[in-house]
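Residue numbers (my numbering), protein chains in the order written: chain S, 1 to 300; chain Y, 1 to 845.
Just so you know, these hints were derived from the structure itself, not from any lab.
Be a bit skeptical, because a hint or two may be false.
Unchecked claim - Some chain S residues judged to face chain Y by a derived CB distance under 10 angstroms, without partners named: (1) K186; (2) V191; (3) R210; (4) G299; (5) R300.
Backbone N, C-alpha and C define an ideal beta-carbon position, used for all residues, glycine too.
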Amino acid sequence: MYAAPFSYHRAASLEEAVTLLRELGEEARVIAGGQSLIPLMKMRMARPGALVDIHLISGLNGIERSNGELRFGALARHAEIEDSRVASTIPILHDCAAGIADIQVRNQGTIGGSLAEADPSGDWGTALMALETSVICFGPGGERTVPLEAFIKDAYTTVLAHDELISGVHVKLPPKGSGGAHLAFKRTAPVYPTASASVELTLEDHHLCRDARIVLGCVGLTAIRAKEAEVALRGKTLDEKSIRTAVDAARAAADPQSDMRGSADYKRVLVGTLVKRAIGIAARRARGESVPAGHEYAGR
Amino acid sequence: MARKSNRMSKKKPARAAAHSSSTNGTKTAAAKWVGQPIRRKEESRLVRGRGIFVDDEKMPGMLHIRFIRSSYAHAQISRVDVSKAEKFPGVVCTLTGAEIKKQVQPFIEIGPGGAQKIADYPMAVDKVVFQGEPVAAVVAETRLAAEDAGELVEVDYEPLPAVVSAEDALKDESLLHPAMGTNRNWHGVFEYGDVEKAFKQAAHVVHIGRLHFHRFSSTPLECNVIMANWDPRSGDIEYHCNNTFPSFASQFLAPALGVRIDQIHMKSFDIGGGFGIKITSYPYMAVCALASRKAGGRGVKWVETRIEHMQASAHGNERVFLDTRVALDQNGVILAIDSKHVDDCGGFPRYEPLGCVIWAQVLPATYRLKNIRIDMHQVVTNKCPVGPNRGYSRMQHLWFMERVIDICGQALGIPADAMRVRNYIRKNEMPYKTPNGCVYDSGDYASMLEAAKRLIGWDGWKKKQAAARSERRWVGLGIGSTLDSGTNNFGQARIINPDAPFSGQSKVGIVKLDIYGEVVVSMGSVPQGQGHETAAAQVVADALGITPDLVNVRPGFDTAHNAYTGHTGTYASQFAVTGLTAIHGAAMKLRKELSRLAAWKLEAKEKDLEFGIGAQGPEVRAKGTQKAINYWALANLVNVNNAGMPKSLWDITLNCRHVFHANFEIPDVQRKYGNLTLTYAAQIHAAVVEVDRETFQPKILAYACVDDCGKAVNPRIVEGQVHGASAHGIGAALLENCAYDSDGNLLTATFSDYTPITAMNMPELLYAHMESPSPFTLNGAKGMGEGGAAPVHTICAALQDALYPSGVIIDDSHNTGDSLFHALRKAESGGYAAMVRVEHRTASR
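Based on the provided sequences and hints, a complete structural model is requested.
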């Protein structure tokens, strides 16, 4: 398990990283926590000729609340977000962070790295799409802000130019009366989920759904916004009927593939159930209840 | 994994006298340390990162080897070109299968007849028979150079049709080993009692369709690691490796490589788990030696990657059970079983076809069944060769028997617990002779079941289950009855091949008093985490009247210790019996020598001496006097201060070696009859499992393990082993599966796909230990630790109970949310209707 040969470059600033990427050309890749890239390199499924290491750039790992947003530095580790009181103001973020892979991966992996990798099974893409999220991209021309849905173009593909990297992730604080949940089913701790669902609801008078975002993970080439499912809830009273319609629409929106995690048929069933349960938990949280939720594991 | 201990010691029967005679007439001190849950001696170095594993070691000038492996499951090799790789900077040499063929003999085949024609070389010669089979190797100055150069080796293949299921293999349409003429490498019928008569007398006959026990492995934390050096001066081969059955490996390697056994030096220190799967690493050991020789006698190291381990080390045996008929009386007592079993051993037999008889150690499982006919077949398929995986061959059969019990119970409306109690062998029938001549030494399965039910709260769960069912929830209760047979009689190989030149069982222990009076133990075992050093120290401490911390046990195995026979290794749940009895025998020989020396020096009679610890450490003293001599002085008398010693004491060496022999006969090959194993530890587990109605995921709501391995030498180690074996079994039941596609590609070659169980999947284990001492062993101990995949039977039973009302028959040992979702769909369309058929010959009860 040795990587193919590569050269290693450590950047001290975003500007230096961009310069290095430009100089090293297309064969260079950015490494932050390395939790996706290093395993791929070990198996020689990824063979970058050069690595630009950004993990020592200072000031990129903050988590702060500012201007009605939660702002994450690109290098904020999953474990830091899991433990962050600031981040816990949006429960869906804690649900997501606390269940990513295992503790070793959470200690190393970063939110920016996860989004830049754009793995269809990555948790962050799904959870953050249920919120109003912008990705701050830093390139030779400075910063630009891209909405998350536009940022991820396809499986493993983002809008980032070769000499561009993520510097931050901004999440708008949901309005009053909001609550969300990220649920994922995993076979074992270190692996990607079989399916995941993120739901963010805004309720009025505890039952009328003013707004809904429903996102499906691991069942398509990217996280999928189940917009018809959202329509089924928006402006409706949350009841068995509207939830059932939303779940059916979510199942229809899923586009899973069969693999060792499960058959396509099964994943479609599973993701619908996760949506249904996430709606239930999101609604309870929107009403002010504290409800534990997150990743579930086979066997218990 | 919180744990709750609940030790239930039963009244101890009188210890049989049979073995205490092996102690040179010197009385053993009372057991003070054996039976104590002392902490493991090994722990300190292991938790501090001071263990010594093979990959921690280096040889001067050591090279690294990388294998080039087949991406095809079945193909002719039309070309192997290593020329570019050989020119790569840092490469010292390469090896190909064709080249190796000229230098070695194919490995021994254990199977008879056509199986003798299988040519198993250390690397593929002209065809490959499983994905990952090595076809070439690159040897280089660094691991990185070996990896890079390996990519330059060119191999052309002509793919052949892959055979991936046992049933397809039996069709013989595509042959793996054409010289054998068939894919069926073994066949035999095991028939006992009067099966047909029992079927005629039956009140009910239950017909059961195809059952399947899946392939899984053990995934030890440390993969195979080999460091080899073939010294051109002496012609000796030195191995530092983690093979766990060195005597087996050396008996395969010596004839293949053309060296004497005594030229093969093998040692291990710490090993990061084995579970049997490392027994068959000898082909790689051969290649590493050949590479070392070609490189001019430089050491060569191979560190197996996880993908290599998953594709091409060894998997557990897969088995299908076909055309099963079960005869029962009106009370659900099983009168007879008739079934056809086809075991799948993958590309090469290697340790096989021993698995074709090893299951027969537990022929009737925990049941009184007298009439049984198993038509046993084994086939080769284009999959990774199997190796003796924890619970080896018995777990497949026990799972089958437990499925039979549950399916018949469900079909006849008899509860799972009652079904078992009616069929269990009774305590007062112990020792119990099975229909094929095995002797179950002791055990009380009905009481264990009662204990398991109490532990889990069976009756309460029954009520909760009824309530849950009224809410349309799928909750099931299951029982698994498991035997962990230990200390095998190699004579059972004769049943496989009458010409097999091995039988019995033996182990060596050496206890010496070194020059300055240190007690030093060399074990003839290959510990892989089982705490052998601790258990050995407990036994020696009791024998000499000292404390375990004064007993220095050499870690690991080393042929240089000369503590081996041809049976030496750690396998088949036996150290507590074979290894410790050998060490005890050696300790008692030492005690006798010390006693004779002390009697002379102290001018006392041997019978008036006592052993203990005095002001100057361990000593021998004359009772009721001030006279004592410590170990330093005793060792001094023999080793460096022996002028004047009477000639009558000159035979004393203080270096005492004892060989344990199990009292076995060679089985009757014609009748397939004989005692195949010395001890039978038992596990009765109970589980409550709920299948989520919306996700179809099975969730373990409660889990209880009751273990009986006779006298527990160290209850803490026993409990740890039960936890480990239970985790492994739960993993196998719900997560772990070596899945192949129809072309023979392994779909689970990484942990992301194979998903070995993690702490996040584990339920809380409720644990209780019972003790039915073995009448056949020194301390009443039985071998344990394999655990017989008890949770696989138990979880399948609970799933069956949960889903039977919905029409599902659990016909596979591996079940996931996905497979249960499809099983329920199949049940809806009546797919299981033909799976179980019941003939009622008389009116039901």
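Structure-inconsistent hints, enumerated in ascending order: Of the numbered hints, just 3 does not hold.
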